[in-house]
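Trainee: Protein sequence lines correspond, in order, to chains F, Z, P and C. So for the first sequence, the numbering used here puts the first residue at 28; every next one is plus one. So for the second sequence, the numbering used here puts the first residue at 28; every next one is plus one. So for the third sequence, the numbering used here puts the first residue at 465; every next one is plus one. So for the fourth sequence, the numbering used here puts the first residue at 465; every next one is plus one.
None of these hints come from the bench; they were simulated from the model. Note that beta-carbon positions come from the ideal geometry of N, C-alpha and C, so glycine has one too. Heads up, some of the hints might be wrong.
Below, a sample of chain Z positions facing chain C; criterion: calculated Cβ distance under 8 angstroms [stated by the list, open to error]:
#, residue
1, I49
2, T78
3, L86
4, V90
5, D98
6, G101
7, D111
8, T119
Which chain C residues face chain Z? A few, computed with CB under 10 angstroms, are given here [stated by the list, open to error]:
#, residue
9, D498
10, R524
11, E588
12, I598
13, E604
14, V605
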Amino acid sequence: MGFTSRKDPKGVLIVEVDGQLIVGNRQEFKQKILDALDGGDRKFLVDFTRTGYIDSSGLGVLVSLSKKIRDEGGELRLAGLNEDLRTLFELTKLDTLFAISDSAADALKVS
Amino acid sequence: MGFTSRKDPKGVLIVEVDGQLIVGNRQEFKQKILDALDGGDRKFLVDFTRTGYIDSSGLGVLVSLSKKIRDEGGELRLAGLNEDLRTLFELTKLDTLFAISDSAADALKVS
Amino acid sequence: MNAASRKPLSAHVAPLAPATRGLEAQLAMHLPSDVAFIEEAVELVARHLEAHFVDRRTIRFNCRVALSEALANAIQYGNGGDRSKQVTVRVLFGKTAIEMEVSDEGNGFNPASLPDPTAPERLESPDGRGIFLIRRLVDEVRFNDRGNAICMILRRA
Amino acid sequence: MNAASRKPLSAHVAPLAPATRGLEAQLAMHLPSDVAFIEEAVELVARHLEAHFVDRRTIRFNCRVALSEALANAIQYGNGGDRSKQVTVRVLFGKTAIEMEVSDEGNGFNPASLPDPTAPERLESPDGRGIFLIRRLVDEVRFNDRGNAICMILRRA
Ligand SMILES: Nc1ncnc2c1ncn2[C@@H]1O[C@H](COP(=O)(O)OP(=O)(O)O)[C@@H](O)[C@H]1O
Ligand SMILES: Nc1ncnc2c1ncn2[C@@H]1O[C@H](COP(=O)(O)OP(=O)(O)O)[C@@H](O)[C@H]1O
Chain F
28 MGFTSRKDPK
38 GVLIVEVDGQ
48 LIVGNRQEFK
58 QKILDALDGG
68 DRKFLVDFTR
78 TGYIDSSGLG
88 VLVSLSKKIR
98 DEGGELRLAG
108 LNEDLRTLFE
118 LTKLDTLFAI
128 SDSAADALKV
138 S
Chain Z
28 MGFTSRKDPK
38 GVLIVEVDGQ
48 LIVGNRQEFK
58 QKILDALDGG
68 DRKFLVDFTR
78 TGYIDSSGLG
88 VLVSLSKKIR
98 DEGGELRLAG
108 LNEDLRTLFE
118 LTKLDTLFAI
128 SDSAADALKV
138 S
Chain P
465 MNAASRKPLS
475 AHVAPLAPAT
485 RGLEAQLAMH
495 LPSDVAFIEE
505 AVELVARHLE
515 AHFVDRRTIR
525 FNCRVALSEA
535 LANAIQYGNG
545 GDRSKQVTVR
555 VLFGKTAIEM
565 EVSDEGNGFN
575 PASLPDPTAP
585 ERLESPDGRG
595 IFLIRRLVDE
605 VRFNDRGNAI
615 CMILRRA
Chain C
465 MNAASRKPLS
475 AHVAPLAPAT
485 RGLEAQLAMH
495 LPSDVAFIEE
505 AVELVARHLE
515 AHFVDRRTIR
525 FNCRVALSEA
535 LANAIQYGNG
545 GDRSKQVTVR
555 VLFGKTAIEM
565 EVSDEGNGFN
575 PASLPDPTAP
585 ERLESPDGRG
595 IFLIRRLVDE
605 VRFNDRGNAI
615 CMILRRA
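The shape of chain F in the complex, shown without the other chains:
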């Protein structure tokens, strides 16, 4: 359970969600990304490879972060969604709002 981040050579901040992204921990996640944005980071990749489930507040935090990052001229990409998580984005039509790559490696190629 938790969030780990590392910087890719091209300067993309990759944040891995280990466990759940839900109402109980989304604030910690949000703060982590906002701090990096404040610190000058502009390219973000959230890796869901090790994520169990996301609730609507987790989706909400992704929506609001994406907007904030775009406003600063940056970009937020998502990767590593399994079939279930992808279904959540499709059901809510959020798949139309985000750049979603199959894997973190794929996402980094296009960055």
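We have chain F already, so just place chains Z, P and C with the ligands on it with the hints.
Mentor: Same frame as chain F, but now just chains Z, P and C with the ligands:
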């Protein structure tokens, strides 16, 4: 779930208890052995290698069968009890009443 | 809601081993109104659900998300985060369905009045997807009249 | 009963993963008075118990035997095999203990009056080992005053 039996070359009837030996199925088990006793079998080996658990009525049926078989000049041996099952026999002191072997193979050596 | 657009949940759910004669069981749990308990509660219910299903996929995902949403609403809106108020979870493991009920001590709300979160003008809103998701992830959703108890039903195949 | 002669059950029981904050849950189940249901009921409870314990050994064995005994007594003696009468099983998954309660609709009995089945003159008796075994396989046994409900307690390590 159930009881399978086979005859060893020496004439021992080996009955395997697959699953539980409890109040719900002990009658079937008892009948199987009594029928064999009627049919002339005298040496019996009950193999508990694949047994999950036994309840007190299962223990009771073994006690009464053992007595009946002895009365007919036969013998009932038990084998394949795991640690838990062995504990049941020890707690009830029934380990003093039965010939208990580690495995069916061991039991057949001494028959 | 368009039934055809629903994820065909029941297709993922296989009944238990053939030995099952269909005994019914009910699990009850109370939790304080603190979102920090949601994860454990969801995990616990998921583990109990696994005691009844062979196929764990639906349990792992759909039930977890739906239950997590219902708990978050009960804790935050229903009980207003007042830890002295309780949220009650009841799960009925039936012969043909599983029902998960979450109730709070609040005044309820009118679930019929919620806007569609997939409408273009709401798509970038950070909120308003909870009940919507629940409805898509389980087979049937019922509220009590007051609106402080939600019952989420999953039919067994 | 001599405490030292007891199987040190609690030693086999490990608490759940560290994530557990100790939510309590209760499982309730009703079954018809027919011994044919015992196996499924025991299996179901065992599976639910596994949702709460890491170490499955005690669950697999001690709980199964103890529950099986209590159910057999409730069905056969308590309800006299009358299928219209119900047996109720309640399992409380607590923070420090698990309690399994089995109750029937009968008139009860006096558990203090049971003879010791390990006495030499009783050793070859086919009956009388049920309550004795229950007492040895769980940490504590309590009856209600009427004697138609038995509560079997397992302490968590
Ligand atoms: N248990 C509840 N008690 C009171 N109001 C509730 C409850 N559940 C939901 N609501 C109301 O319904 C609205 C929509 O909830 P939901 O679809 O989960 O989205 P969100 O939680 O993101 O607002 C909430 O904003 C709240 O006003
Ligand atoms: N639920 C019950 N209702 C009434 N009598 C009971 C109940 N449970 C046990 N008894 C009585 O206690 C006796 C001992 O039970 P037990 O130790 O399980 O051994 P057994 O079932 O082999 O007789 C039974 O014979 C019965 O008379």
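Trainee: Hint by hint, note whether the structure agrees.
Mentor: So, going through the hints one by one against the coordinates:
no.: 1; hint: I49; in the structure: holds, 6 angstroms
no.: 2; hint: T78; in the structure: violated, 11 angstroms
no.: 3; hint: L86; in the structure: holds, 6 angstroms
no.: 4; hint: V90; in the structure: holds, 5 angstroms
no.: 5; hint: D98; in the structure: violated, 12 angstroms
no.: 6; hint: G101; in the structure: violated, 16 angstroms
no.: 7; hint: D111; in the structure: holds, 4 angstroms
no.: 8; hint: T119; in the structure: holds, 5 angstroms
no.: 9; hint: D498; in the structure: holds, 9 angstroms
no.: 10; hint: R524; in the structure: holds, 7 angstroms
no.: 11; hint: E588; in the structure: holds, 6 angstroms
no.: 12; hint: I598; in the structure: holds, 9 angstroms
no.: 13; hint: E604; in the structure: violated, 17 angstroms
no.: 14; hint: V605; in the structure: violated, 14 angstroms
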